[in-house]
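Q: Sequence:
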Amino acid sequence: MTTTAVKSFGAVERPQARQTTLLQQSWVLVRRNFSHIRRQPEMLMDVTIQPVMFVLLFAYVFGGSIQTNTGNYREWLLPGIMGQTMAFASFIVALGLTADLEKGIIDRFRSLPISPNAVLVGRSIAALFHSSIGILVMAMTGLLIGWRIHSSIGEAVLGFLVLVLFGFSMIWLGILVGSSMRSVEAVNGVMFTTMFPITFLANTFAPTDRMTPWLRTIAEWNPVSALVQAMRLLWGNDIPVAGSAWPLRHAVPVTIGWSVLLVAIFAPLAIRAYRRRTTD
Numbered sequence: 001m002t003t004t005a006v007k008s009f010g011a012v013e014r015p016q017a018r019q020t021t022l023l024q025q026s027w028v029l030v031r032r033n034f035s036h037i038r039r040q041p042e043m044l045m046d047v048t049i050q051p052v053m054f055v056l057l058f059a060y061v062f063g064g065s066i067q068t069n070t071g072n073y074r075e076w077l078l079p080g081i082m083g084q085t086m087a088f089a090s091f092i093v094a095l096g097l098t099a100d101l102e103k104g105i106i107d108r109f110r111s112l113p114i115s116p117n118a119v120l121v122g123r124s125i126a127a128l129f130h131s132s133i134g135i136l137v138m139a140m141t142g143l144l145i146g147w148r149i150h151s152s153i154g155e156a157v158l159g160f161l162v163l164v165l166f167g168f169s170m171i172w173l174g175i176l177v178g179s180s181m182r183s184v185e186a187v188n189g190v191m192f193t194t195m196f197p198i199t200f201l202a203n204t205f206a207p208t209d210r211m212t213p214w215l216r217t218i219a220e221w222n223p224v225s226a227l228v229q230a231m232r233l234l235w236g237n238d239i240p241v242a243g244s245a246w247p248l249r250h251a252v253p254v255t256i257g258w259s260v261l262l263v264a265i266f267a268p269l270a271i272r273a274y275r276r277r278t279t280d
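Residue numbers (the numbering used here): 1 to 280.
Simulated from the structure, these hints should not be mistaken for laboratory data.
Be aware that one or more of the hints could be misleading.
As the list claims (entries may be wrong) - Now the in silico label distances, taken between C-beta atoms and shown as ranges: (1) A186 x Q24: 51 to 57 Å; (2) I49 x G146: 40 to 46 Å; (3) V190 x M140: 39 to 45 Å; (4) R31 x D107: 18 to 24 Å; (5) R38 x V190: 39 to 45 Å; (6) A186 x R210: 22 to 28 Å; (7) Q19 x N72: 52 to 58 Å; (8) W214 x F62: 31 to 37 Å; (9) T21 x V190: 32 to 38 Å; (10) T193 x P113: 37 to 43 Å; (11) N72 x L215: 21 to 27 Å; (12) A186 x F34: 45 to 51 Å.
Here the structure is a predicted model, which is why all the values come from computation and not from measurement.
Even glycine gets a Cβ: it sits at the ideal position worked out from N, Cα and C.
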């Protein structure tokens, strides 16, 4: 009967793989990440509900006791929270990559005729989109509570571009952590114990000029402080403090320099860790 069936229907030909570019392969993987969000909208809570809660808590609960040189804490606050959210882009990509490695999805991708780099590029682009949604939500919330941009359109756009550039550099940190850790729980532990001190020991929520000298020095040379100060300057939300550290007086070029340096350091380490993890 089997022989008859084969003779009747003929041999089934194996489908030929279509040649695609790295960009096409990466975009397919980006769409895969978007489909997860469409099926599980709660995945957006970290960039929708959580940032709004941070904005409202700091603006209405802590804002009255924090003095800034501008006198408008809400305008001063928004760049800080946006900077923190973009820094946490590393957290998102680390968790996603580790989960895919744990579940064997990366092994499935390796069996397909696609470039290994497409996985990293697709994950990076998806993480940038994910964090950008949070920035949009916070901007809308900020406008409702009194935040305004006082600079030109060009400076305003440059502020957002600097923010995205810094987020891209942090994504490589996330790929490094995600490729090195063996479980999602380990990623949670590492990222919480590193990212929270980095984002709080800065000028994100309170000015650095009232900190003790040694703590102030660390905070002012923190890349997150330069990022936040760059956005405040480009959006007209802050007046430069006399006597502040050099990175804060040249915040825009310093932030761009930090971003390039972080990519130059983390990208090779992340690619090497990913290849070592996926070639066992």
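Q: Each hint needs a verdict: does it hold in this structure or not?
A: Here's how the hints hold up against the structure:
1. A186 x Q24: 51 to 57 Å: 33 Å, violated
2. I49 x G146: 40 to 46 Å: 21 Å, violated
3. V190 x M140: 39 to 45 Å: Between V190 and M140, where Cβ atoms are some 32 Å apart, the hint is violated.
4. R31 x D107: 18 to 24 Å: Between R31 and D107, where Cβ atoms are some 20 Å apart, the hint holds.
5. R38 x V190: 39 to 45 Å: 29 Å, violated
6. A186 x R210: 22 to 28 Å: 36 Å, violated
7. Q19 x N72: 52 to 58 Å: Since the Cβ atoms of Q19 and N72 sit about 56 Å apart, the hinted range of 52 to 58 Å holds.
8. W214 x F62: 31 to 37 Å: 24 Å, violated
9. T21 x V190: 32 to 38 Å: 34 Å, holds
10. T193 x P113: 37 to 43 Å: Roughly 40 Å apart at Cβ, these two residues keep to the hinted range, so it holds.
11. N72 x L215: 21 to 27 Å: Between N72 and L215, where Cβ atoms are some 25 Å apart, the hint holds.
12. A186 x F34: 45 to 51 Å: 27 Å, violated
When held up to the earlier numbered hints, the structure conflicts with 1, 2, 3, 5, 6, 8 and 12 and fits the remainder.
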